[in-house]
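Colleague: Protein chains in written order, with the numbering used here: chain A, 261 to 504; chain B, 869 to 947.
These are computed hints drawn from the structure, not numbers from a lab.
In silico EDC-like cross-links for lysine to aspartate or glutamate, where the CA-CA straight-line distance does not exceed 16 Å:
(1) Lys889(B) - Asp389(A)
(2) Lys410(A) - Glu491(A)
(3) Lys410(A) - Asp938(B)
(4) Lys441(A) - Glu908(B)
Between beta-carbon pairs, the in silico distance windows are:
(5) Leu945(B) - Val279(A): 30 to 36 Å
(6) Leu385(A) - Lys874(B): 25 to 31 Å
(7) Ile921(B) - Thr357(A): 38 to 44 Å
(8) Ile275(A) - Glu875(B): 43 to 49 Å
(9) Arg916(B) - Leu312(A): 38 to 44 Å
Here a beta-carbon is modelled for each residue, glycine too, at the ideal position from N, C-alpha and C.
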Amino acid sequence: MPEIKSLLFGLIAVIIAVVASSMELLSKYQARSFQEIFFSPYYIFFALLNALFCGIVYWALPYLGGVLVRSELLPSLENPLVRAIVAGLGYLVLARTSLLDITIRGQTIGVGFDGIYSTLAQYLLRHHDMRIRSKIRREFLTVFSRYRAKPHVFLGAVKLLFPQLDIEDREEAEEALARLKEGKANPIDFCFGLYLLLREYTEGAESAETLLSQVEEAIDSDPSYDKRLKEEISWLFVPAPTGS
Amino acid sequence: MEYSRKEVLSKVLISLRQQGKQSIAELVFSTRLPYGVIQEAVKTLEERGLIRIEKVRANPVSEEETEFVDTLDIIDLNE
Numbered sequence: 261m262p263e264i265k266s267l268l269f270g271l272i273a274v275i276i277a278v279v280a281s282s283m284e285l286l287s288k289y290q291a292r293s294f295q296e297i298f299f300s301p302y303y304i305f306f307a308l309l310n311a312l313f314c315g316i317v318y319w320a321l322p323y324l325g326g327v328l329v330r331s332e333l334l335p336s337l338e339n340p341l342v343r344a345i346v347a348g349l350g351y352l353v354l355a356r357t358s359l360l361d362i363t364i365r366g367q368t369i370g371v372g373f374d375g376i377y378s379t380l381a382q383y384l385l386r387h388h389d390m391r392i393r394s395k396i397r398r399e400f401l402t403v404f405s406r407y408r409a410k411p412h413v414f415l416g417a418v419k420l421l422f423p424q425l426d427i428e429d430r431e432e433a434e435e436a437l438a439r440l441k442e443g444k445a446n447p448i449d450f451c452f453g454l455y456l457l458l459r460e461y462t463e464g465a466e467s468a469e470t471l472l473s474q475v476e477e478a479i480d481s482d483p484s485y486d487k488r489l490k491e492e493i494s495w496l497f498v499p500a501p502t503g504s
Numbered sequence: 869m870e871y872s873r874k875e876v877l878s879k880v881l882i883s884l885r886q887q888g889k890q891s892i893a894e895l896v897f898s899t900r901l902p903y904g905v906i907q908e909a910v911k912t913l914e915e916r917g918l919i920r921i922e923k924v925r926a927n928p929v930s931e932e933e934t935e936f937v938d939t940l941d942i943i944d945l946n947e
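Using the sequences and the accompanying hints, generate a full structural model.
Modeller: Structure follows, in structure tokens:
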């Protein structure tokens, strides 16, 4: 019976750890959908990594309590719920612990748990990030095929979005747009930059596509709007020189 | 705004190392540098053999249209 109780509270500790580590991803990918963030093998392995370290801390807490928690909390560790909360929220203390630090080319590398945890976590989060970006690229290429004769649709959609943003986001988005315009990018690069802006401030691919189709309708029905947008990115409408 | 060539090249390389392969548009966001500056840096880095460019083709508009006219350049470190 005590073993089942211990396992149950161990499970609670692991759930706390997984939720806490997932918060990091939620804050990093605020503009991405829940599915994009959490339906990924890299996220599952990241969650398992955190669960493993939390499980180790939960199991070792009675032996390491004096090292990991404040002395006034030590007597409370006998309460399984306190032990679960301490392990769930404090496992990173152990995960980030290194027995010694080695500095190679100005970069400090921790030898110990820190080395193992950091290497694995960085690898998984980097690949998770690359997977999300690759998905967005694929979605863009599909959308771009539809609008490649009308690149100003992307510009119109971004401009339609600007008034809906708060001042800080709007300034950042306007700066990004200015950086994209500087250098007269080719149509696909420019439209991809605009699509990234759209995805940053809309909820998922479907919202971005809805906005694009709304702008396309507006362009088709209002020649002056069409002309204004084209003039702003006139370099995209200059015919490419043909070979002699 | 003036950008030192060395600083730009190192920003692009660091971004590729930390975040993996990216298109020029993605580099505009990750490095906060203008498109034209990154385009120049990419040319230089390619000439020096430090990066390679993978071309991803856009889908044709219709089934009848088989000609791919647009490609998105994805830049990756040459390791």
